[in-house]
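Novice: Listed in order, the protein sequences are those of chains A and B. Going by my numbering, the first sequence opens with residue 1, and the numbers climb by one from there. Going by my numbering, the second sequence opens with residue 1, and the numbers climb by one from there.
Don't read these hints as lab results, they were simulated from the structure. Treat the hints loosely; a few may be bogus.
Stated by the list, open to error - Cβ-to-Cβ under 8 angstroms is the rule here; a few derived chain A residues that face chain B:
1. A45
2. L53
3. V54
4. L55
5. I174
Beta carbons: idealized from backbone N, C-alpha and C, even for Gly.
Read off the chains here:
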Amino acid sequence: MKWLPTAIAISVGLVTLLDFFFTHTLLDPLGAAFREWVIILTAFALLLGLGNLVLVHFLRIARRNEPGAGYSALVLLTTAIVLGIGLWFGLPSTPMAWVFDNVYVPLQGAFFALLAFFLATAAYRALRAHNLETTWMLLAALIVFLGQTPLVSALTEAKEWVLRVPSEAGVRGILIGVALGTLATGLRLLVGMDRPYSE
Amino acid sequence: MDALLSLLKSTIGTDQALAFVVFLFFLPLFFFAYWGIKRGVRVTLRPLASYAALKRLLAQAAEAGQPVHLSLGIAGIGDQFTADAMAGLTVLDYVADRSTISATPPIVTLANPTALPVAQDVLRRAYRRHGYSEEYDPTRARFIAPDPALYTGASPNPTLYAASPNDAFAYAAGTMQLLNQQKLIANVMVGRFGDEFLLIGETGAQRHLNQIGGTSAARVLPFVHATMEHPLIGEEIYAGGAYLSNKPAHVSSLLAQDLMRWFLIAAIVIAIALKTLGLM
């Protein structure tokens, strides 16, 4: 029966693909049903994820000598509190919105702010001109940086050119490659050559 | 003829028709390449330093007895970036296969729960292949945070969080802590990422870890170049199966991609020439 998961995966994949391409009275409801099933499966996967998270942190606390076990206790505590609020009040609800707005969003904002410092150290390392490639990168970065400032208005046009011509050309090339790579990966899955779901 | 065109228009949209043509064009190229490789045609792949470095690092990990950290990013199974998740899982398949022999299994982190059972299964199968099923530890694959909250539907007010729908900062926080506390030989990041790539990658760089990573998101590529010792740019993340395991299906799809690329370049050049001559 090893062929069964592969056969199911190929059939569902084919129907979903045909539903994407064509409008058909039989395909449309089937495709919509499969997409709904994905949402249900994602919800179950989230439960699995929660179980994994709790297990990993519980084991860290149980082992005692692990560094940062206190943080694991905090993770378990906040998980229990947020889960309790969610189960008791439901979603959407005022208490859950309060948790997200006053805990999640400020923390996310703090991490977003950290990006500036990380970017500075990463840029310092990446833009040291030690070969031709990094010299070009440094030059382009300088033009774009200086082009942003009103004091050096002469470089504004140069900045626009760097962003519009070489940068956009490179991005388009990368996007075409990514699209072909995605197509190839999808095709391998569709014909059963890649089977991450079975031996 | 009009009736046929009307029927076609009612069953397939313009965008879908174009995608269907590309798909139909790609299909024979792929199978032709696969048939050729199965019949013994040898294909020489251009060297990719990042995958060669990964092979070296796994040997070092075995000698040092320290694991590799592999991040699969924010993509899951069944969403629009499934191909990126598959790219990461292909790398995991290789890493798990090599690491289980040396008893230094990788630590895998991810932000999308749909990728978790697959990642655990890849690890479990690697142990089973080598006859160490009892050594398998499901907590080596770790779900860090359901980020971005918007995608998982956990957010009570999606419009409020729409400003950064692709950034997984909670995932970054958990993974940065792991990189800081765990003794690791390398940090490998292959999959879909947003701005969190910089936070995780820079933490690894500051700890002087050997770093290999890449993503398909064009806006994240500057972060990849800035933080990774061995960057994988764009589509290179999909080539893992061909470079690491030399799987015929992966090599043939790589060959088909290259052929398709040349056709597209030719089409673009012809279109430019026709447009310049006023024939289009």
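Novice: All hints, please: hold or fail.
Specialist: Against the structure, the hints:
Look at A45/A: its Cβ gets to within about 4 angstroms of chain B, closer than 8 angstroms, so that hint holds up. Checking L53/A against chain B: minimum C-beta separation of about 5 angstroms stays under 8 angstroms; hint holds. Given hint, V54/A at the interface with chain B, is violated; its Cβ is 10 angstroms from that chain's nearest Cβ, farther than 8 angstroms. With a cut of 8 angstroms, the hint placing L55/A at the interface with chain B holds, because the nearest CB-to-CB distance is about 6 angstroms.
A hinted interface residue such as I174/A counts as satisfied when its beta carbon comes closer than 8 angstroms to some beta carbon of chain B; here the least separation is about 4 angstroms, so the hint holds.
When each numbered hint is compared with the structure, a violation occurs for hint 3 only.
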